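J.: Letter by letter, the chains look like this.
Protein chains: 2
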Amino acid sequence: MKGALLFAQSGGPTAVINSSACGVFQEAKKHPEITNIYAGLYGIDGVLSGNIIDINKEDDEQIELLKQTPSSALGSCRKKMPDYKKDEAPYKALIEVFKKYGVRYFIYNGGNDSMDTCNKVAKYCKLVGYECAVVGVPKTVDNDLASTDHCPGFGSVAKYIATTIHEIALDAHVFKNGRAVIVEIMGRDAGWITASAAVPELLNGLGADLVYVPEKPFDLDKFTQQVKEVLDKNYTCVVAVSEGIKDKDGKYISEYAGDNSHKDSFNHVQLGDVCFFLANHITKHCGTKARAIELSIVQRAAAHLASVSDREEAYNCGAEAVKHAVNGANNVMISMQRVSSNPYKIEYVPADLDHIANAVKELPDEYITEDCSGIKPAFLDYILPLIEGEAPVQYKNGIPRATVLKKVIVNPDNN
Amino acid sequence: MKGALLFAQSGGPTAVINSSACGVFQEAKKHPEITNIYAGLYGIDGVLSGNIIDINKEDDEQIELLKQTPSSALGSCRKKMPDYKKDEAPYKALIEVFKKYGVRYFIYNGGNDSMDTCNKVAKYCKLVGYECAVVGVPKTVDNDLASTDHCPGFGSVAKYIATTIHEIALDAHVFKNGRAVIVEIMGRDAGWITASAAVPELLNGLGADLVYVPEKPFDLDKFTQQVKEVLDKNYTCVVAVSEGIKDKDGKYISEYAGDNSHKDSFNHVQLGDVCFFLANHITKHCGTKARAIELSIVQRAAAHLASVSDREEAYNCGAEAVKHAVNGANNVMISMQRVSSNPYKIEYVPADLDHIANAVKELPDEYITEDCSGIKPAFLDYILPLIEGEAPVQYKNGIPRATVLKKVIVNPDNN
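As they're listed, the protein sequences go chains A and B. If you use the working numbering, the first sequence corresponds to residues 1 to 415, in order. If you use the working numbering, the second sequence corresponds to residues 1 to 415, in order.
Worth flagging that the hints you see were computed from the coordinates, not collected in a lab. A few of these clues could be false.
Identical copies go unnamed one by one, so any copy, or any two together, can satisfy a pair.
[As the list claims (entries may be wrong)] Here are the simulated DSS-like cross-link-like pairs (lysine-lysine), alpha carbons at most 27 angstroms apart as the crow flies:
| hint | residue 1 | residue 2 |
| --- | --- | --- |
| 1 | LYS85 | LYS123 |
| 2 | LYS246 | LYS376 |
| 3 | LYS289 | LYS246 |
| 4 | LYS79 | LYS406 |
Since the structure is predicted, the reported quantities are computational estimates derived from the model, not experimental observations.
With the rest of the complex left out, here is chain A:
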């Protein structure tokens, strides 16, 4: 099937999402079936509004630099597509764009909500008889997508968190009069990133003394007691806590602090301030200084510390999506299946989007200690292959280089 390929990025950025874009673009250039390579700016929003650029107008060197550029170089959005049975308008508009630009391959890179979009678009194309291969490329720092061993983006944030928690712990132990340090880590519904904070402690005995993930109910009194016990023994206590921890009634701990939480456009609660609330609580109840550190967007943007396997896998997922689309795959996401951990081996397999969209893969019980305040050594088998190896980074004037794209807008009337 001859036609244009249209690619876009969606959801929160990661350290390696642009490596997937690089994989899509460099692979697409190899296939004569693909007549043009286009990219929507700001996700599906840009696609719908004709904010579409021509990737063949970009310099090869800048495309190559995508591999080490954090953020979403094409821009992103958080648009949730409606059910087309209830609101067909955006789908009709999308098919118009596809027709106008001759799009026969639609590759969308994102997390749970983006895979839901892929799934809906694929089904709608089928419904109206528009021939288009729709393939999803996984992306999420949260690592909570179903049907894949892990997600591109996760290995790099995990490597950053493991390294940074180790550095924080080294710093926190410098003064004799100890203190508590509460580090807040991303991961709304799944504790994968927070669990990676346990790595330096599990490996070397110095890192996060306590780790709290959102999969288990958080009890404030038990937490206070656990911090006290560490402080009594070591003077210093480093705590890693997920932004999404909830109490046994399902109330977010971030809501304890007051009225800071509010709803975003996905109806997820917007989180934050857990670490400040807990640090104040520890100061009050343990009589110890407590420092709150929210690693915020820094953790997902730290491409200077990307994991080598993560960057390569992000690239490969993009390239595989193109190969499978050209070979007739549709309504699938490229998933990674782990063949073995030692030696580490991954296979790329198209997975049915019907089983992925809106499912959340939580951190399994087997990795969480019985008292719900730590991570078991078994987690190392899973995580180490994902964080081992440092992706090479080109620097200029002391800082990592980043892609600068020309972003030449396509005028389809000239085609």
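For chain A, the structure is supplied; the task is to place chain B on it using the hints.
T.: Quick look at chain B alone, frame taken from chain A:
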């Protein structure tokens, strides 16, 4: 003069302070005059309490690993020594320790307050006729020590800030509906670290749109207007702000937020929360989402991103301190004098401690824009040689290796 060398670390840790310790220890081993190499744990506090370890009992590999280990591997303190004319007791105690351990070389590694300690100890030794070479090794992320071009510790935090602000800016521009991001950066009295946030914008046009240093009075209304102007033009505004910004009356902006500020043992105001106050202010007055990011201790502990010149210079300052002490220097700090920026060349020169203690080197006016919201390109000549080049890092299991010391306590009665 034959005798033991005693070394200790003081003040806040840095990414390279342990590289100085490595320089001291490896150089000291070359000099037959130095009969023993000792180190006090937790700074002068450990020295006074006989909490002193034997460095010759440590493995060479672990001493070498000090080069890439952040924090203070020997522990630190923030003790301010009194005027010995008013309170002689701690000085008498110190001389007793020196005699007991046969100390004839005292090398102390720290910032302003530690150089003040060196100065007082050197003078007191002379006063009571105890022969001991006292040499200071500079250390401070703040870069505010007088009589030196820059301080070990600064280049690495500057490299981390320049890289991280670039990564934050890339991330912040991803969504079409812009927002403000307020990044709070260390530097109580001097804007050197905050100024390094200007580097990516000056080099590549993407980084901090606005930079506020403590050397200039901060005006909240002018700030609001400046953020508005950037938002109107670019949708997104990234602000770098020093923790120590003050208004025209000398009141810390962090105090605007309420009663968060309090005094620490040095009578400096303990800062924090500037970024949260400013982010709330922008949300209220510009109608834009604003995110606050406090880089906290993460910035000074990021040895994984150390600058190659910073790590080498930290090492050399330690080694030079030993050489000069052995050659009869006393009451001096090893300073760095810049011979040229291109090619970059530094000379190590002993500087009189009488002129260093308690002086603060501010960011000069020539680097600050007239509207006090940015940094001029002239700053690049100064900063680039300090951040260029990436110090090599040994990793194990995906995270950087760090020194583990045996810390064998010396029993002087066995000597």
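J.: For every hint, state whether the structure bears it out.
T.: Hints versus structure:
Proximity of LYS85 to LYS123 under the C-alpha cut-off of 27 angstroms is restricted to the intra-copy arrangement: shortest distance 11 angstroms within a copy versus 86 angstroms between copies. Taking the shortest alpha-carbon separations for LYS246 and LYS376, only the intra-copy value of 21 angstroms comes in at or below 27 angstroms, while the best inter-copy value is 47 angstroms. Taking the closest pair of Cα atoms, LYS289 and LYS246 come within 27 angstroms of each other both inside a single copy (24 angstroms) and across two copies (25 angstroms). In the homo-oligomer, the alpha carbons of LYS79 and LYS406 lie at most 27 angstroms apart inside one protomer (25 angstroms), although the nearest pairing across protomers, at 56 angstroms, exceeds that limit.
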